[in-house]
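Residues 1 to 51 in the UniProt record's numbering are what the sequence shown lists, from first letter to last.
Bear in mind the hints are in silico, worked out from the structure with no lab data behind them. Watch out, some of these pointers could steer you wrong.
Unchecked claim - Pairs of lysine-lysine residues, derived as PhoX-like cross-links and limited to a Cα-Cα distance of at most 25 angstroms, are as follows:
#: 1; residue 1: K44; residue 2: K27
#: 2; residue 1: K41; residue 2: K27
#: 3; residue 1: K27; residue 2: K45
Claimed, not checked - Using C-beta positions, here's what the derived DEER-type ranges look like:
#: 4; residue 1: K41; residue 2: G10; range: 29 to 35 angstroms
#: 5; residue 1: N4; residue 2: K27; range: 17 to 23 angstroms
#: 6; residue 1: A9; residue 2: E47; range: 28 to 34 angstroms
#: 7; residue 1: Y46; residue 2: A21; range: 14 to 20 angstroms
#: 8; residue 1: T12; residue 2: Y43; range: 26 to 32 angstroms
#: 9; residue 1: L8; residue 2: T48; range: 25 to 31 angstroms
#: 10; residue 1: T26; residue 2: Y46; range: 19 to 25 angstroms
#: 11; residue 1: T6; residue 2: E47; range: 24 to 30 angstroms
#: 12; residue 1: T12; residue 2: K44; range: 16 to 22 angstroms
#: 13; residue 1: G10; residue 2: T48; range: 24 to 30 angstroms
#: 14; residue 1: E47; residue 2: N4; range: 24 to 30 angstroms
#: 15; residue 1: A9; residue 2: T48; range: 29 to 35 angstroms
#: 16; residue 1: A3; residue 2: K41; range: 16 to 22 angstroms
Ideal Cβ positions, reconstructed from N, Cα and C, are used throughout, including at glycine.
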Amino acid sequence: MGANATILAGITIGENSLIGAGSVVTKDIPANELWIGNPAKFYKKYETPLL
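Given these sequences and hints, build the entire structure.
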């Protein structure tokens, strides 16, 4: 999770997902995806976990 990211109440972040700095997450995020922006938008899906 990037610096100053905001996750709204009731939102679920999937395992191994990344949230960009300053992003505002308004939707549930599936596993292994990168979301960035305000509001956060899908950017990329990872086939293998990054960690």
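Is the distance from the Cβ of T6 to the Cβ of E47 consistent with 24 to 30 angstroms? holds, 28 angstroms
Assuming the hint says 24 to 30 angstroms, is it satisfied by the Cβ distance from G10 to T48 or not? holds, 29 angstroms
For the pair N4 and K27, does the Cβ-Cβ distance stay inside 17 to 23 angstroms? Holds, since N4 and K27 (Cβ atoms, about 19 angstroms apart) stay within the stated range.
Is it true that the C-beta distance of A3 to K41 lies inside 16 to 22 angstroms, as the hint says? holds, 18 angstroms
Would the hint linking K41 and K27 be met if the CA-CA limit is 25 angstroms? holds, 9 angstroms
Between the alpha carbons of K44 and K27, is the straight-line distance 25 angstroms or under? holds, 16 angstroms
Hint says 29 to 35 angstroms; check whether the CB-CB distance for K41 and G10 agrees. Violated, at about 19 angstroms.
Sort out whether K45 lies within 25 angstroms of K27, counting only the CA atoms. holds, 16 angstroms
Hint check for T48 and L8 - Cβ pair distance inside 25 to 31 angstroms: holds, 29 angstroms
Kindly confirm whether 24 to 30 angstroms is satisfied by the beta carbon distance between E47 and N4. Between E47 and N4, where Cβ atoms are some 29 angstroms apart, the hint holds.
Quick check: does the Cβ-Cβ distance between T12 and K44 fall within 16 to 22 angstroms? About 19 angstroms separates the Cβ atoms of T12 and K44, which means 16 to 22 angstroms holds.
So the hint says 28 to 34 angstroms: do the beta-carbon atoms of A9 and E47 match that? 31 angstroms Cβ-Cβ, so the 28 to 34 angstroms window holds.
Violation of the numbered hints given earlier is confined to hints 4, 8; the remaining hints are satisfied by the structure.
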